[in-house]
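S.K.: Taken in order, these protein sequences are the chains called X and H. Under numbering that gives the first Met the number 0, think of the first position of the first sequence as 0, with each following residue one higher. Under numbering that gives the first Met the number 0, think of the first position of the second sequence as 0, with each following residue one higher.
Don't read these hints as lab results, they were simulated from the structure. Quantities reported herein were computed from a predicted structural model and do not represent experimental measurements. Idealized CB from N, CA, C, for every residue including glycine. Hints are not guaranteed to be accurate.
[What the hints assert, rightly or not] As a list, the in silico PhoX-like pairs of lysine-lysine whose alpha-carbon atoms are at most 25 Å apart:
| # | chain 1 | residue 1 | chain 2 | residue 2 |
| --- | --- | --- | --- | --- |
| 1 | H | K37 | X | K330 |
| 2 | X | K279 | H | K37 |
| 3 | X | K125 | X | K107 |
| 4 | X | K208 | X | K235 |
| 5 | H | K157 | X | K271 |
| 6 | H | K177 | X | K330 |
| 7 | H | K157 | X | K332 |
| 8 | H | K177 | X | K277 |
| 9 | X | K116 | X | K130 |
| 10 | X | K332 | H | K177 |
| 11 | H | K16 | X | K271 |
| 12 | X | K271 | H | K139 |
| 13 | X | K279 | X | K227 |
| 14 | X | K277 | H | K37 |
[As the list claims (entries may be wrong)] Some residues of chain X that are not near chain H, with every Cβ distance over 12 Å (derived):
| # | residue |
| --- | --- |
| 15 | R141 |
| 16 | Q166 |
| 17 | A387 |
| 18 | S414 |
| 19 | R415 |
| 20 | R485 |
| 21 | F502 |
| 22 | T591 |
Chain by chain, the residues run as shown.
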Amino acid sequence: MATPTGPRRTGGAIRRRNRMDRDGDLVMGVAPKAPRPTRPALSTPNSASLTELKVTGWTDKSEVPNITHFLEKHAAKRSIHARRSGPVAQLIKKHRIEGDGLLILRVKPEDVVPFSKINGFTFTSKHGNQKLTIAGPGIRPREGSPTNSASKPTTATESSETLSLKQQFLQILGRRYNVAEKLLDLSTLATDEDIQKTGMFDKSSTSSKFFPALMAVLDKEIKTEAEKREAIHSVKLNDNNLSDLALVFDLAVTLPHIKNLDLSSNKFTNTKALGRWKNKFRNLEHIVITNNPLEVSQPGWEQELITWFPRLRQLNGQQVRTDAEIALLDKPKHTPVPSQKQVWFDPDKIAENFLLDFFPSYDSSRDAVVQRYYDSTSTFSLSVNTAAHGGSNHEKTPWDSYIPLSRNIRRINNSRPRFSRKHIGVERIQRAWAQLPPTRHPSFQTDMQKYSMNCQTQASVPDPTGQHPGLNGLIVTVHGEYEEHRTAKGANEIVRRCFDRTFILGPGGATGVRVVSDMLCLRAYGGVPAWTRIATPSTTTNKHQPVPVATTTTNQLGVATTTTTTTTTTDTVLTPEQQQLVLYVSKETNMTLDYSKLCLESANWDLQQAAELFTAQRGSLPAEAFITTI
Amino acid sequence: MTMEEPELTPEERLSLKLDSVACAAAESFIDAYYETLKTNRNGIGAFYCPRAVAPDGVATPSIVWNGETYEDGDALQHFFQGVTYTHFQIEDLDANTLNPTFLPANDIQGGSCNASNDLERRMSFIVVVTGSVRLEEQLKGPLREFAESFVLVPNPAKLALSPGQTSKHIPFEGGWDKQWLIQTQNFTFTEWAQDELGDFVRDAPTQPVSGKAGGGGKPVFGRNRGPFNAFAAAGLLGKGKGKALA
Numbered sequence: 000m001a002t003p004t005g006p007r008r009t010g011g012a013i014r015r016r017n018r019m020d021r022d023g024d025l026v027m028g029v030a031p032k033a034p035r036p037t038r039p040a041l042s043t044p045n046s047a048s049l050t051e052l053k054v055t056g057w058t059d060k061s062e063v064p065n066i067t068h069f070l071e072k073h074a075a076k077r078s079i080h081a082r083r084s085g086p087v088a089q090l091i092k093k094h095r096i097e098g099d100g101l102l103i104l105r106v107k108p109e110d111v112v113p114f115s116k117i118n119g120f121t122f123t124s125k126h127g128n129q130k131l132t133i134a135g136p137g138i139r140p141r142e143g144s145p146t147n148s149a150s151k152p153t154t155a156t157e158s159s160e161t162l163s164l165k166q167q168f169l170q171i172l173g174r175r176y177n178v179a180e181k182l183l184d185l186s187t188l189a190t191d192e193d194i195q196k197t198g199m200f201d202k203s204s205t206s207s208k209f210f211p212a213l214m215a216v217l218d219k220e221i222k223t224e225a226e227k228r229e230a231i232h233s234v235k236l237n238d239n240n241l242s243d244l245a246l247v248f249d250l251a252v253t254l255p256h257i258k259n260l261d262l263s264s265n266k267f268t269n270t271k272a273l274g275r276w277k278n279k280f281r282n283l284e285h286i287v288i289t290n291n292p293l294e295v296s297q298p299g300w301e302q303e304l305i306t307w308f309p310r311l312r313q314l315n316g317q318q319v320r321t322d323a324e325i326a327l328l329d330k331p332k333h334t335p336v337p338s339q340k341q342v343w344f345d346p347d348k349i350a351e352n353f354l355l356d357f358f359p360s361y362d363s364s365r366d367a368v369v370q371r372y373y374d375s376t377s378t379f380s381l382s383v384n385t386a387a388h389g390g391s392n393h394e395k396t397p398w399d400s401y402i403p404l405s406r407n408i409r410r411i412n413n414s415r416p417r418f419s420r421k422h423i424g425v426e427r428i429q430r431a432w433a434q435l436p437p438t439r440h441p442s443f444q445t446d447m448q449k450y451s452m453n454c455q456t457q458a459s460v461p462d463p464t465g466q467h468p469g470l471n472g473l474i475v476t477v478h479g480e481y482e483e484h485r486t487a488k489g490a491n492e493i494v495r496r497c498f499d500r501t502f503i504l505g506p507g508g509a510t511g512v513r514v515v516s517d518m519l520c521l522r523a524y525g526g527v528p529a530w531t532r533i534a535t536p537s538t539t540t541n542k543h544q545p546v547p548v549a550t551t552t553t554n555q556l557g558v559a560t561t562t563t564t565t566t567t568t569t570d571t572v573l574t575p576e577q578q579q580l581v582l583y584v585s586k587e588t589n590m591t592l593d594y595s596k597l598c599l600e601s602a603n604w605d606l607q608q609a610a611e612l613f614t615a616q617r618g619s620l621p622a623e624a625f626i627t628t629i
Numbered sequence: 000m001t002m003e004e005p006e007l008t009p010e011e012r013l014s015l016k017l018d019s020v021a022c023a024a025a026e027s028f029i030d031a032y033y034e035t036l037k038t039n040r041n042g043i044g045a046f047y048c049p050r051a052v053a054p055d056g057v058a059t060p061s062i063v064w065n066g067e068t069y070e071d072g073d074a075l076q077h078f079f080q081g082v083t084y085t086h087f088q089i090e091d092l093d094a095n096t097l098n099p100t101f102l103p104a105n106d107i108q109g110g111s112c113n114a115s116n117d118l119e120r121r122m123s124f125i126v127v128v129t130g131s132v133r134l135e136e137q138l139k140g141p142l143r144e145f146a147e148s149f150v151l152v153p154n155p156a157k158l159a160l161s162p163g164q165t166s167k168h169i170p171f172e173g174g175w176d177k178q179w180l181i182q183t184q185n186f187t188f189t190e191w192a193q194d195e196l197g198d199f200v201r202d203a204p205t206q207p208v209s210g211k212a213g214g215g216g217k218p219v220f221g222r223n224r225g226p227f228n229a230f231a232a233a234g235l236l237g238k239g240k241g242k243a244l245a
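With the rest of the complex left out, here is chain X (with noise of 0.2 Å):
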């Protein structure tokens, strides 16, 4: 699970084949280093000061301005100045062939680190792949190059050196793991006696190193993910003057399991100094964190540090989730089925009438259904959804007529056109609905299975008179299609669309109800309404062999939603129509299907009767009686 991310960086292809010692090992660690040239007092370029490096390994004379283009390239990405932004200046300043197959590069002394960086780098020639091997002063050599075979013995003494190291560092972490509580101890490491033996905290070359190598020490001490899992539950890092995590990232790469972090008396000073940790470990429990300067200089990072780690019960000792809370984690995540429930909170019937009123009169005559629910604040606008993905089927009727007044802001981009395209005031509605066409919505007393509604209290919506900061008003959303009458380009055809409307009224005008707000959006006709039941896909059942169920009113009104798994816990005794009953009955009651069909049983199959007894007995029946919903 250890994901290679970190501070060090990965070379590419080429690198990787000839440099094996990259990661985190301890040769780079202790290898000798090669002395830095020293910079000339005075760094004028002539040509004297310019160091010579020796270049083997190639063969073919015609392809030197190819190698030391390869070489310039590869040595001035590594190049300090290639930090800064901007062009680095030329590093070769000369070059020259020397007998067969020794090519002289001159570079400034400074300029010596990168080309003794990509000493050993993969040239690939007309002849195949080439190593080229660099020599000169200030040039480390390479292992296994054949000029460098006078430095074989340095390079086994290294090997005897990190086997000792190697040695120390498993005694540090043994010293410091305490078996029984599976916790390993890595506080106060600067001031440890037997590290500093180790010498690393000598330089800051080699101390930044040190905690990567102690991981890896550790990585291949314990081998598998499995026995570190169990050996190490806890890690302690307190007292370590860390003010980020360059230092000791690794911790997430070799131990992204545990589930206790105590990282408190440092020099932490905000969360993001800890940044590179978020969503690392995915099992913290607790972590520890007091006594960090991010305490003062950070207000609200507890939340920020929450919402990190999944599992995280405390923080400091302090809970912050519930164990309910993090068994939901491993709960199995469900797809939310299509509800065929509607919320419908208009104790006034105020919603009911005026969409009763609505529809019919939108449809027969609009300029009076502007003058009796719309004034001079009302606003409408319209949107044109043309490339609806969801769904199936959509037919593929022109949007010619609509498209001048749609206001979708994802395609009208700037203000002066959107706003133009909201319409404001009695007159500029009517203006506006008289460029639509003409159309015939489904009727409320036999279609009603074509709808889908919601409506919901809506506080402050502004108040006409002025007196209010707001009053409380509705916010009626309706789902449906409608039929439209075509004549745009010389058609003359019946065509359908879908539309989903969201009115916004408020108590005023002649009628009692205004529309604040009347927002329509359009979408092609096609598909089934997801408000439509159609067997649900169980997961044990075929998801592909979804069973229809008859589309009558009756049935559409009346059916509810259940899993098809459920309904065959009922269909070896019961008629298809008690089994519609039962159905019915439990969707109106939220009842299980047990208990409504207990119900139905006891009312001998009498719908009324059912209802009377469940609102005489519903106070008494047991919680187990409902369907309990999430």
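Following the hints, position chain H against chain X.
M.R.: Below, chain H alone, put in the same frame as chain X:
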């Protein structure tokens, strides 16, 4: 269509200003909201105004998601933590100012405290979206169509003017900072996904509907006001179809 734009009255100019702020806010909000639903469900609760019950008994926020009501943002967040992968794609977006004086002028810290000023920070607005939603898994899961409406109300903590701030421009370039919070929400799936349908086909609207006689002439509105009104709505109560079925 004339190229020249007509002169605006002062009221229209104000209205244009509020409209452009509402549109910019809506775009910023909607991107952040659906991204959070996809990638950081734990952050969804913070998009909502805190639960409050007014003296007249009206509770906010008012959240309806797929036919279920949720008491507050945390309740919806809790629900969403148990939901599979979702990817919402917006296909159509519109916004409209609702109440320009939702907040009293004094609530804008550093504002003018003048009843007719700072409206772009005091207004509530409506956002309507239609789009598609991919469920269960990336690319392969069912793709349904949805519609959603929001009312957003200002969050004074994020709309304060710092002293000496000359530009009253509200920046959205840096992403949504919850300058407005959700007060009302309604989410509805509007179309089944193709692969959920099998061979189910929508009946033609011109096809005569059977069962018309049973419910004919009866008002069928308001079927969700109580459990048994719906029985009546379906024409099933009394001498209607219920007994016939039994």
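S.K.: Now tell me if each hint is right for this structure.
M.R.: Each hint tested on the structure:
1. A hinted pair counts as satisfied when its Cα atoms are at most 25 Å apart, and K37/H with K330/X qualifies at roughly 18 Å.
2. Among the hinted pairs, K279/X with K37/H is consistent with the structure: their alpha-carbon atoms are about 19 Å apart, no more than 25 Å.
3. Only pairs whose Cα atoms come within 25 Å are accepted, and K125/X paired with K107/X is rejected, the gap being roughly 30 Å.
4. Taking the CA atoms of K208/X and K235/X, the gap is near 19 Å; set against the 25 Å cutoff, the hint holds.
5. Restraint check: the Cα-Cα separation between K157/H and K271/X comes to about 21 Å, which is no more than 25 Å; the hinted pair holds.
6. At most 25 Å may separate the alpha-carbon atoms for a hinted pair to count; K177/H and K330/X exceed this at roughly 30 Å.
7. Of the pairs offered as hints, the one joining K157/H and K332/X is violated, with about 34 Å between alpha carbons and a cut-off of 25 Å exceeded.
8. Under the criterion of a C-alpha separation no larger than 25 Å, the hint pairing K177/H with K277/X is consistent with the structure, at around 22 Å.
9. Only pairs whose Cα atoms come within 25 Å are accepted, and K116/X paired with K130/X is accepted, the gap being roughly 14 Å.
10. A hinted pair counts as satisfied when its Cα atoms are at most 25 Å apart, and K332/X with K177/H does not qualify at roughly 28 Å.
11. Between the alpha carbons of K16/H and K271/X the distance comes to roughly 37 Å, so the proposed pair goes past 25 Å and is violated.
12. For the hint pairing K271/X with K139/H, the CA-to-CA distance comes to about 36 Å; that exceeds 25 Å, so the pair is violated.
13. With a C-alpha separation of about 16 Å, the suggested pair K279/X and K227/X falls inside the 25 Å cut-off, and the hint holds.
14. Among the hinted pairs, K277/X with K37/H is consistent with the structure: their alpha-carbon atoms are about 18 Å apart, no more than 25 Å.
15. Annotated as non-interface, R141/X keeps its C-beta farther than 12 Å from every C-beta of chain H; the closest such distance is 45 Å.
16. At the 12 Å boundary, the C-beta of Q166/X stays outside the reach of chain H, the nearest C-beta of that chain being 45 Å off.
17. The Cβ of A387/X sits about 6 Å from the closest Cβ of chain H, inside the 12 Å cut-off, so the non-interface label is violated.
18. With 12 Å as the threshold on Cβ separation, the claim that S414/X sits away from chain H is violated: the shortest Cβ distance comes to roughly 4 Å.
19. Here R415/X does not stay apart from chain H, with its beta-carbon only about 6 Å from theirs, under the 12 Å limit.
20. Its beta-carbon lying about 15 Å from the closest one in chain H, R485/X satisfies the requirement of being farther than 12 Å from that chain.
21. The claim that F502/X is not at the interface with chain H is violated, since a C-beta of that chain comes within 12 Å of its own (minimum 10 Å).
22. For T591/X, the requirement that its beta carbon stay farther than 12 Å from each beta carbon of chain H is met, with the minimum near 15 Å.
In the structure shown, a violation is registered for the earlier hints numbered 3, 6, 7, 10, 11, 12, 17, 18, 19, 21, in ascending order.
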